[in-house]
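The chain contents come next:
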Amino acid sequence: MKIACFVEAYNFIVKSERSALMKFKSTAETMGHEFEFIYKNDISKIAEYDALFIRATTDPSSSAYIVSRLAEQSGLKVIDDPHSIRTCSNKAILHDLFYKNNIPSPKSILFHGDYSRETLDSIFITLGLPVIIKTPYTRFSSHVEKASDETQFIEISKHLLRKAKVLVLQEYVQSDFDWRVGILRNEIIYLCKYCIPDGGWKVRSKINGRNVWGDTIALSRDSISPGLKELSIKLSKCVGNGLYGLDVKEINDEYKVIEINDNPSIYDGYEDTVDGDIYEKIINALVS
Amino acid sequence: MIIVSEDEDEGDSNPFLFLGQPVHDSVLNINHDYRYLRMGYYVSAHAETFGVDVTPNCTEIMDAYRNPLLIEKARRHGLRTNNYRLITSARSEIDAPAVLFAVNPFTNNSMKVVDSGSKLPGMIKRMSMGARFPVSLHPLTGEVLEIIQIFGESTNEETSEFAKKFYKIFNIPICKLIVQIDDGGVLLNHCEPALKKEVKWDIVHDKVRKIKQSV
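For the record, the sequence lines run as chains E and F.
Per my numbering, the first sequence runs over residues 1 to 288.
Per my numbering, the second sequence runs over residues 1 to 215.
No lab work stands behind these hints, which were simulated from the structure alone.
Certain hints may be false.
What the hints assert, rightly or not - Dumping the calculated SDA-like pairs for lysine to any residue here, alpha-carbon to alpha-carbon at most 25 Å:
no., chain 1, residue 1, chain 2, residue 2
1, F, K125, E, K158
2, E, K107, F, Q21
3, E, K158, E, Y172
4, E, K45, F, K197
5, E, K100, F, D53
6, F, K168, E, A56
7, F, K73, E, A47
8, E, K165, F, K168
9, E, K165, F, P22
10, F, K125, E, A56
Unchecked claim - Here are some, though not all, of the chain E residues that point toward chain F, as calculated from beta-carbon distances under 8 Å:
no., residue
11, Y65
12, L70
13, L97
14, K100
15, L110
16, Y279
We put the CB at the ideal spot given by N, CA and C, even for glycine.
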């Protein structure tokens, strides 16, 4: 089989990401398949391949969406498929998805910029303080802010609403780490803790003016608790049959889903440290 | 069927109210702008997440508003297009005159008509934002027209049959189409949001009334 891997130049900058991409290539070739990196100039050639694996950042506005949709229409196996991209890339849509499917998650409200006294009171009574403010298109902890009081809330939300039609307001849930559950075709393929760096409140925090990432601690996928496993698969099935990374908080033995991502990070020496067969599993999903 | 419209006289609900409620019935979403991250898109996405039928759905929206997807779908359904190419930099084999559209997340109303080959490299560099995003290049073979398509009707008589076919294929209630007219008829080049003031709302009201009567 001939697999296209859609990438952009930035995917090769960080050594661990570059190395993971090369592992995908060598794994596919060892399994008897062709594996070619393709770029946005190659989009129109997509029908020449049997499968598409996207590693460039996905978003419905990106070139990755175009290649995904063209590949789907040409009958290729596709990871990430267009539906998964559209659903997971938008936190306002995830808000609806969690509500519709009774997925336990921090309390959240969609906000369009109504600053009436009644609305503000309702927000703070429902969510408490501090409150998390997210744009729908947040990625890698960007465009996610925390407001400690009403003044800060108004200032931050007005700033973010300059570019977004809607914001997701969320109850703040404090934790030392987020579970990252890697799922492929509704099966767990890896499990990690994405730690919150000291002095921060999200996985990538600004500390003393610098962006700092927390540590990644990989654990055996077999060690996942039954509760987390059940919740992760339930949510994954609500989106589709692709490759996803779920971010989940654990509070007093209860789980609350923060988000489900398509196109999850897979870096050599991070997500693959314990369950090293994730490369093989993903290639298998593309060719079977 | 719930009619969700930005036009207050028209809808059973407006987009802001609609997004705050669960959805249990099929939805007709009327908006002049269905672009991703705009209110028109969110209405369709909200309905879809609740598992109801919606016109237009998100796949249809994205297929219409992303130029390469538009052209490929048009071709598959037999709607006339010309040989577009996706490029990020100018090469010697690219000829003018041409019509160019930016394929990036930020630009609307991006059409550029380039008559001279010497202007192409600079234009492509600007429109691709320094080769970061593709540019869709269409040969210029006829007269370029912008038309407003409303439920299959066109603001231009010459393109009325074409608008009917477009609506049947793409299911977008309101949009602006950029076409070329040559000896063979109408060629599709691009689809983008209409400006609110460009929409003939009396046609919209009439169409919606008929749809309501038929359900």
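List, from low to high, the hint numbers that the structure doesn't satisfy.
Checked against the structure, the hints that fail are numbers 1, 4, 6, 8, 16, while the rest are satisfied.
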